[in-house]
Each structure stands twice: as structure tokens, then as C-alpha cells.
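Number of protein chains: 2
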Amino acid sequence: MSFSIWGSEQEAKPLSKSLQSLVGKVVGNTTPRPAPALAEVKISECALDAAQLEALEAICGAGYVSTEREQRIPRARGKSYFDLLDWRVDQVIDVPDAVVAPKSNEQVLELLQWASKSSVAVVPFGGGTSVVGGVSPLRGRFNAVISLDLTRFDAIEDVDSISGEATLGAGMSGPQAEIALAEHGLQLGHFPQSFPYATIGGFAATRSSGQNSAGYGRFDEMVASMEVVTPQGIMTVGDAAPASAAGPDLKELFMGSEGTFGIITKVRLKVHPIPEAKAYEAFVFPDFASGVAAVRAVEQHKTGPTVIRLSDEIESATNLTSTDAIGEQDTAAPHGCLCLTMYEGTREHVASRHEETRNLLLEMGATSLGEAPVRKWEKGRFGAPVLRDALLDAGVLCETFETATTWSNVPNLKKAITAAVTEALGEGNSVALVLCHVSHVYANGCSLYFTILGAQDEAPIEQWRHAKLSILRAITEHNGTITHHHAVGTDHADFMQQEVGQLGLGILRAVKDHLDPQGVLNPGKLLP
Amino acid sequence: MSFSIWGSEQEAKPLSKSLQSLVGKVVGNTTPRPAPALAEVKISECALDAAQLEALEAICGAGYVSTEREQRIPRARGKSYFDLLDWRVDQVIDVPDAVVAPKSNEQVLELLQWASKSSVAVVPFGGGTSVVGGVSPLRGRFNAVISLDLTRFDAIEDVDSISGEATLGAGMSGPQAEIALAEHGLQLGHFPQSFPYATIGGFAATRSSGQNSAGYGRFDEMVASMEVVTPQGIMTVGDAAPASAAGPDLKELFMGSEGTFGIITKVRLKVHPIPEAKAYEAFVFPDFASGVAAVRAVEQHKTGPTVIRLSDEIESATNLTSTDAIGEQDTAAPHGCLCLTMYEGTREHVASRHEETRNLLLEMGATSLGEAPVRKWEKGRFGAPVLRDALLDAGVLCETFETATTWSNVPNLKKAITAAVTEALGEGNSVALVLCHVSHVYANGCSLYFTILGAQDEAPIEQWRHAKLSILRAITEHNGTITHHHAVGTDHADFMQQEVGQLGLGILRAVKDHLDPQGVLNPGKLLP
Numbered sequence: 001m002s003f004s005i006w007g008s009e010q011e012a013k014p015l016s017k018s019l020q021s022l023v024g025k026v027v028g029n030t031t032p033r034p035a036p037a038l039a040e041v042k043i044s045e046c047a048l049d050a051a052q053l054e055a056l057e058a059i060c061g062a063g064y065v066s067t068e069r070e071q072r073i074p075r076a077r078g079k080s081y082f083d084l085l086d087w088r089v090d091q092v093i094d095v096p097d098a099v100v101a102p103k104s105n106e107q108v109l110e111l112l113q114w115a116s117k118s119s120v121a122v123v124p125f126g127g128g129t130s131v132v133g134g135v136s137p138l139r140g141r142f143n144a145v146i147s148l149d150l151t152r153f154d155a156i157e158d159v160d161s162i163s164g165e166a167t168l169g170a171g172m173s174g175p176q177a178e179i180a181l182a183e184h185g186l187q188l189g190h191f192p193q194s195f196p197y198a199t200i201g202g203f204a205a206t207r208s209s210g211q212n213s214a215g216y217g218r219f220d221e222m223v224a225s226m227e228v229v230t231p232q233g234i235m236t237v238g239d240a241a242p243a244s245a246a247g248p249d250l251k252e253l254f255m256g257s258e259g260t261f262g263i264i265t266k267v268r269l270k271v272h273p274i275p276e277a278k279a280y281e282a283f284v285f286p287d288f289a290s291g292v293a294a295v296r297a298v299e300q301h302k303t304g305p306t307v308i309r310l311s312d313e314i315e316s317a318t319n320l321t322s323t324d325a326i327g328e329q330d331t332a333a334p335h336g337c338l339c340l341t342m343y344e345g346t347r348e349h350v351a352s353r354h355e356e357t358r359n360l361l362l363e364m365g366a367t368s369l370g371e372a373p374v375r376k377w378e379k380g381r382f383g384a385p386v387l388r389d390a391l392l393d394a395g396v397l398c399e400t401f402e403t404a405t406t407w408s409n410v411p412n413l414k415k416a417i418t419a420a421v422t423e424a425l426g427e428g429n430s431v432a433l434v435l436c437h438v439s440h441v442y443a444n445g446c447s448l449y450f451t452i453l454g455a456q457d458e459a460p461i462e463q464w465r466h467a468k469l470s471i472l473r474a475i476t477e478h479n480g481t482i483t484h485h486h487a488v489g490t491d492h493a494d495f496m497q498q499e500v501g502q503l504g505l506g507i508l509r510a511v512k513d514h515l516d517p518q519g520v521l522n523p524g525k526l527l528p
Numbered sequence: 001m002s003f004s005i006w007g008s009e010q011e012a013k014p015l016s017k018s019l020q021s022l023v024g025k026v027v028g029n030t031t032p033r034p035a036p037a038l039a040e041v042k043i044s045e046c047a048l049d050a051a052q053l054e055a056l057e058a059i060c061g062a063g064y065v066s067t068e069r070e071q072r073i074p075r076a077r078g079k080s081y082f083d084l085l086d087w088r089v090d091q092v093i094d095v096p097d098a099v100v101a102p103k104s105n106e107q108v109l110e111l112l113q114w115a116s117k118s119s120v121a122v123v124p125f126g127g128g129t130s131v132v133g134g135v136s137p138l139r140g141r142f143n144a145v146i147s148l149d150l151t152r153f154d155a156i157e158d159v160d161s162i163s164g165e166a167t168l169g170a171g172m173s174g175p176q177a178e179i180a181l182a183e184h185g186l187q188l189g190h191f192p193q194s195f196p197y198a199t200i201g202g203f204a205a206t207r208s209s210g211q212n213s214a215g216y217g218r219f220d221e222m223v224a225s226m227e228v229v230t231p232q233g234i235m236t237v238g239d240a241a242p243a244s245a246a247g248p249d250l251k252e253l254f255m256g257s258e259g260t261f262g263i264i265t266k267v268r269l270k271v272h273p274i275p276e277a278k279a280y281e282a283f284v285f286p287d288f289a290s291g292v293a294a295v296r297a298v299e300q301h302k303t304g305p306t307v308i309r310l311s312d313e314i315e316s317a318t319n320l321t322s323t324d325a326i327g328e329q330d331t332a333a334p335h336g337c338l339c340l341t342m343y344e345g346t347r348e349h350v351a352s353r354h355e356e357t358r359n360l361l362l363e364m365g366a367t368s369l370g371e372a373p374v375r376k377w378e379k380g381r382f383g384a385p386v387l388r389d390a391l392l393d394a395g396v397l398c399e400t401f402e403t404a405t406t407w408s409n410v411p412n413l414k415k416a417i418t419a420a421v422t423e424a425l426g427e428g429n430s431v432a433l434v435l436c437h438v439s440h441v442y443a444n445g446c447s448l449y450f451t452i453l454g455a456q457d458e459a460p461i462e463q464w465r466h467a468k469l470s471i472l473r474a475i476t477e478h479n480g481t482i483t484h485h486h487a488v489g490t491d492h493a494d495f496m497q498q499e500v501g502q503l504g505l506g507i508l509r510a511v512k513d514h515l516d517p518q519g520v521l522n523p524g525k526l527l528p
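Keeping their order, the protein sequence lines are chains A and B.
The first sequence runs 1 to 528 under full-length UniProt numbering.
The second sequence runs 1 to 528 under full-length UniProt numbering.
No lab work stands behind these hints, which were simulated from the structure alone.
Misleading hints may appear alongside valid ones.
For chains that are exact copies, the list does not tell them apart, and a pair is met inside one copy or across any two.
Taking lysine to aspartate or glutamate and the EDC-like style, the derived pairs with C-alpha atoms no more than 20 Å apart in a straight line are [claimed, not checked]: (1) K302 x E348; (2) K376 x D94; (3) K376 x E11; (4) K278 x E356; (5) K103 x E427; (6) K13 x E276; (7) K302 x E356; (8) K117 x E178.
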């Protein structure tokens, strides 16, 4: 990916007319704030001396340690609104002092032991798609910080088609993983919006959740076991067996650990045959409440869609699910809340699950819109982050965040968050457009994903920091989780105590102190 | 439950003719070894002085601290073969020095802090159904040991029918929980063989798995959050939200922790409406391999049975699934491997899932036996442990154990375990009858549950200790887990290092040292 935008320069798109018009209507005039060229970026000095760089090269091999601007700059930030603004506000960017790329667990272990001895922080780097400050090269109390790129952990190993398991290198991107599995007729089926760039290790370290989660589960549910390298040694967490009662489940301690306990290098995953058939159908509900009741019924009755999503009235009206047509009024569609469904599996399975789901949705007040809206969504489903870059260039405030709660608490939490963000941005005289959808459903609740559009003020970082604080307060005060699938990183770390309690934090610290006594692993992330 | 047998005296049954005949055929003549009456049992002295007992009463309230034989003896052992033999070999039984029954989290906290200060070990006690030595009152390095009975944590709280959640006291037994939920039209659906006596807290602390796991999942999958009391304080583990990416999942650290990190006092559970319909169908497969392939296909295609079980050839021939008729030759049934299926839910759901599953099983070589065998199994499904008492009285070696592995490794592991147990008991000139079934299925593998019948020699405890060691070695050398749903307790603790590795054990110890610095919580369990 390019350092300052989502994806590559080739993917970049100018603002569409419809999106321009939407911005004009809800945000008003804006002052462009374009991203700088790479050559213009001012960066921190390299804090490592020649002897240290030699030591790193002795561990990783010649050519796998770099202090070049072109390597360090793209690994200095993820893709949060804060990250993207950082490039635009003309400051000196703190970049990692070096980028290193070990190729084996033994090299990673040697590296971590060297870092512990040398007081150098280590930040693991996969696809760099974090939207919570997860890859920022924080030095903490250390002399230097290196970015540990997992790109050389790129192999598929030990494919077991009978059991539906395969081991994938943590550095493999979503497409690399699916291509490698497809050679065996297998699929993982994990398709978050970050899919084109994010990696297997990153999915596990952040408890990612993909758009097909109704069918295939969250990423953490796909993990059978993991290889993890800590300063104390190399370990496998998770049992060889499909389930066990032999004590606590240690892999659940490393999933979501964001590289603060160890570096995840390989992940053994539950995979399935490539589905032979697919079906699509979109529906519209008169309002969000009836739509939520219906998707809840679908999940609680296990009627079996692979994808089920429900946009609220405002998101439905802005056509957000169709990235090419955002802001366009779809005059053919009835007003209300758009619900997209998709079904995958054998032909028989798809037919029965589609019929059961459709009957239940219709019974609960839906009107069918046919398959076209779902196909349009599927085609453009990884495209939305690219649009944000053009909005940011135009000086528009644009960010997303997500939470989850129990079904009974959905109206309460949605209302509280909408009020918090509107009030926080209103204080600065911005007008906030707040869009929301449900994209991950569980028997006992669902996720709520918000997209915010507004006017940037002169200090956009402080502006959003203020809004984000209000949002997090509203979430924790109204029984939401601070993050459903974007992880904690630096952005949510201050709210971890509200999330897991003081004793919970104490346990996490005890584990970290045990595995990483010098504290070099990704300091400043996850734990406050 | 009575101290020396499964269940109550009223439930006890003499050996049926068919079972007697089976024993005669495969085991030969045996020497009766009856359990003693309670009055005959010799027990350890109470190590607590009057001041200590007064302190305990000040915490729990008058009447909730007992040093009576009738209270201490039944809390001295669980229901493993070792436990049941202990009563029969005429030794002094180490019983807890006192039984205490606090009623609130605050009382439990005070108790744990008193115990830490007084160097007294604390063993949590629910239903006492452990079959792995989980409730043995080990003193470790402490002056005394108390049994903490959770019976007063017996309330249902905060029922949320919309989200399908309810909080249950850790001391509620399976039937108490289902009755309390039924008043709200809800069901948990967790039916392990221990259901009549085992408790909600015990299910969580041991990662229990019930017979309906294909439909409702393992108990750990039903848990939304838990209240846990540690010597460091009271905490809630698990998020209020249905899913979260806010760091490691701490509830996964307490499930399976067997009271060694803290006392689980309340569990918030995912529940569902009482199913409106049920369907039953039994099948027979020509052999175990074709049966395993078929139940694997059912799970991997998610055709949706609530129960699916497959007995191997020997278990099918001994009619083990029908407790009233074990050992009887069912002349009507074709030879082969018996497969039982059951379906629950709405009428439409049951009809479609039944049809899909049945079509797939028939396609894969099954012959239908109609619904009678499943109904017989359902009626007697909690009855098998009672039979063991009569066998033990008759001097027969009878024990069960279980493991799990990936589908591709099932034949390899089953063969290795069968060889290990046959060889270990053969050495002592016993003849071992080894029965096996699959009762829990996952996309990537399944459980294997073994029942062993043989002749006791003169030192039956040492005889089974030797066999158990061989079994555990075979399991760990052939990629099984040391326990799929019976937990670790004292019986498997020595194999925890093989299960989770040295670094894994180190993490568990770090957590324990942090939460229980004096180590008073259930010493000798889980960790070697």
C-alpha cells in the first residue's frame, strides 16, 4: 500500500459527482488538505548505530534489514483517520529506525532476545491496515524501535483436506492465503474490508471479523492453533484436537494480543471446500427496528445465510453499500432499511438456507429487492476505504468505528452513540452525518458499524480526538464493547480498564511481564 | 449424591442378567468388593481449631460451617474409578477439615482472604461429579483444607429473552437450571451424563460438553460472562457484548481453570427458547470407518442435527446405548455401527434438518433403524454411571475416558489407545473389553469416548494407575488431547506439560501467582 492512502496509487479515485454533491449538502464548503508526496515527508532520525544494524543483519540475513526512507515511511502508520491526517499536517513523522524481515521462528526469537538485551522496541507489521494505531512505532522507554515485517512467513503447510485444516504463514495477505488454499480446492472465507492487504497474523492478533461471518464465523473461531515467538521462547498455542477440556484455552490469550505478548508467525486454520453455489437476495424493511428484529430471528433460528447485513435509514438513503453510487438517490428502491443476504455451499444447502431465510424475512415485514443490490455490494465491497482518501484530500472529516451489544440493547446503544458524536462534532460547528449498519450477527447480539462524515476544523486531529473520546464514553456507559473487530491499538488503550476491569488488566500485565520481561513487544498498544 | 456411588441409594440397581452374563463372558469370575457403609469409613482428623472455625462462621453465618462426618465424607471424593475404589480399599480417607457455604461474592472474597492469611487450602465443590479427582481435598503445603460448597449460589437473575441470556448461580444443578429457565420459556440445552447432579459452575470450570453439543455447542460456547472471586478481588470476565476485539478473551482463561485461579460464582449464559418439536432416527453403518466418514460429512455440511453419536462395532454389539439392555443381543438389528440422531427446534427447522441429515447419511451407506433406538437411548441416557457401581461391587474394573482429535487422525488414535489399554491390562492378566463412540463432532474433528471393562486384580488402584499412564502416553504420542470434556483434575495434571508445553504451563502459573499469591485455591489440581 502507499504510505498515505488506502491501497495503491493506481486504486485511487477522484470524488464522484454524487459523493461531491452529498458532501456539499451535509458538510458544506471544505478546505482541501492533500497528502504530501513521499519525498516531502520529514521523518525522525535513525537511532540505531552501525553495530546494531550489523547485529540485526547477522540475525535476519543480508538484505533483510533496511533503514531506507522508502521502507521506513510506509511502516510508520496504519490507516486510521488519525494516521492519514498525520501525513497531512506537516509534522516530523516518527518512523521505525529500521525495518527487519526475519524468515524463521528461530530468527524471530534471536531478534526478540537481542531487542530485550538492547532495549529496542519491536513492532510487528503485516499489511499495515490497522485503523486503531496498531502499527505506530512507539518507542516507549526504549532507545530505538524496529518494525518486524512478517512478509517472509508466506508459506502454506500441512494441508489436511479431510479435517479441513491448513497452516498459513502470518505474513500472507488475504488474497495470497485464498490463492494458496484454492490450489487444494479449499477456502478460508474471511473477507473483512481490509482483505486485499491485511495478513493472516494480523487477523489473529486483532480478532478480525469478515463480511461472511454469519456463515464462517469470526477469524478467532477459524483458528485451530498458532505458533508464537516470545522473548522466552517459541510456543504452539491451541490444541492439536478440535476441542479440549485440558485447562484454559491459551490461544484465546494470544488472539487479540496485538503483538504485545509475542509475535504470531504461523496460524493453523479451519478451512472448507470452495462453495459450489451462491445465491443473493436483497430486502427492504420499513424501519431499522423491524429490520433488527428480523435479522435477529434469522440468527436465533439458524436459518443459515453466509452474509446478512442491515443498513439504517440514513445509510440506506445514502446508498453506502454501493461504492460507485454513494449519495445517488436510487429512485427505484422503496424507502426504508436495506438488508443484504448471501448464501454459499452445496447447491442443496444454498437452496434450503435461502428459502428458509427469505420466508422468515418476508414474514417479518421485508419486501424483496431481488439480487442486484447484493451483487453490486459484493463487487464493490473492498472499495470503500479508497473513497475516504479523496474525502480527506477534500478536507472532509470521514471515519468509521464499530461496537457490539446484545439484541435488547441495540436501540439504546445506537441512540447514545449517535447523540455523542453529533454533540461532540456539533460543538465545533461541524455537521455530522451518522450512518450505521449491522454486519455481524450472533445468537445474543450484533455489531453496530458507524460511518461519520463532517467538516474538518482547523485542528482536525484534536477535533476527532474529542469526538472519539465522547464516542468511547457513550459506548462504555451503554454496555457496548470498545471494539467489535478493529482491535485496541493505541486509540482504545485508555478504555481497556473499562472493558476488562482493573483485575483483568492486572492479568494481562502479569502475562506480559512473564513472557516479555523487558517489555519490548509493541509498547503502548493494547494496555494503557 | 451418596458418598460412595453415583447418584442416590434409591437410584442404585443390581447387575442385570444380561450385564452379568456379559461380565462372565469377557471378565470371568470376580471377587466382590462392596462399598462400606458411611459409619464404617475412617476419616482424617479435623485440623482446624475452634478459633478458626469461629472465624469461618463469622464469615459465612451460623449454620454454614460444618465439621460433621456426614458433611465432610461426601465432599472428600468425586466419582472417578479411583475415587470409588478409595472407599472400598479400607484406608483412612483424607476428608476436608470443614465444609463451608458462603452465600455472596463478598463472603467468598472474605473467605479466600482469610484462607490466604491462615494457610488453608480451599476446594470449590458443586455437584461432586468430577471423574478426574477434581474435588479431592489436597492439602498441598497448607495446614488445613476446606470444601467451599456453592449450593447457596442458586438464583436465576437478569433474564433477557430477547437476547437469549440469563445469569445462573454457579451452585445450580443441571435440573435446577433448566427448571428456572423453563419458567421463562427458555432452555440451556446442556445435557452431559452428569446433568442430574453437576452444577453450572462446575460445567464452566471444567469445560463440560453435553450430549446435544452438535446443536447447542460445548458449555464454554454457551458462556457470555462469569463472576469470579479471587483472593485479589471480585471480577467479571467476558464482555457484555456478544463478541469483542478488545484484547484477549479473559473468560477463556477461567473456563477450564478448575477453581485454581478463582471461584466461579455466577455464569451468564446464552439460552434459547424451549424447542417446539423433536425428531429421532437411528441408523446403522457397515463399519466404523464408513460411519465416521458420514458423521464428518454431516458436520462439515452443517446439515444440522442436535445430537449425533456413532458407536464402534464392539459398543454397538454390547448394546451400550440402551442401559436396560446392555449385553443383550438385539437380534433384529443388523451388525455394524449404530448411529443415533436427534433434531430439535421449530417444526419447520426439525423437518428440514432431519431430511437433509438423513439423506446424507443414507447416501453414505447408512440403513435406517427408525426412531426406537434413539428414544431408548434418550430415556436411559443419564443412567449408565449407576451401572458402574454394581460392577464395582462385583469386583469388575470399569472406567471411561475420552479424548478428541482431527478427523484424519481418528483411526490412528483409536488404534493406539485400544492397543495401549489392552496391553496394559493384559500384562496383569485381565482381559479388557474396549468400547468406543463418537459423541461430539466439530468441522475439523471429533471426540472419542472409551468404556473399559476388565477384571480387577488384588491392587486395583495400582492396576488402573498403570493402565491410565499407558493411555495418556498413547494419547499424547498420537495427537489426541488428554481430555475432551472431563477436565484435568489430579488424574491428568502430570500430562499438562505435554498438552500445553513448558511455556504454556509458565503462563498458567504466572496467572495463578498473580491472582492467588498464597496458592490456596485448589492446590494439586490442573497444574502439576
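To see whether the hints hold, each was checked on the structure:
Taking the closest pair of Cα atoms, K302 and E348 come within 20 Å of each other both inside a single copy (16 Å) and across two copies (12 Å). When the C-alpha separation of K376 and D94 is checked against a cutoff of 20 Å, the pair qualifies neither within a copy, at 40 Å, nor between copies, at 70 Å. When the C-alpha separation of K376 and E11 is checked against a cutoff of 20 Å, the pair qualifies only within one copy, where the shortest distance is 18 Å, while the shortest distance between copies is 64 Å. In this homomeric assembly, K278 and E356 come within 20 Å of each other (Cα to Cα) both inside a single copy, at 15 Å, and across copies, at 18 Å.
With identical chains, the CA atoms of K103 and E427 are never at most 20 Å apart, being 51 Å at best within one copy and 50 Å at best between copies. For a Cα distance limit of 20 Å, the shortest separation of K13 from E276 qualifies neither inside one copy, at 34 Å, nor across copies, at 54 Å. Taking identical chains as interchangeable, the C-alpha atoms of K302 and E356 lie at most 20 Å apart whether they share a chain (9 Å) or sit on different chains (15 Å). Taking the closest pair of Cα atoms, K117 and E178 never come within 20 Å of each other, the shortest separation being 39 Å inside a single copy and 56 Å across copies.
Figure legend: structure checked against the earlier numbered hints; hints not met, in rising order: 2, 5, 6, 8.
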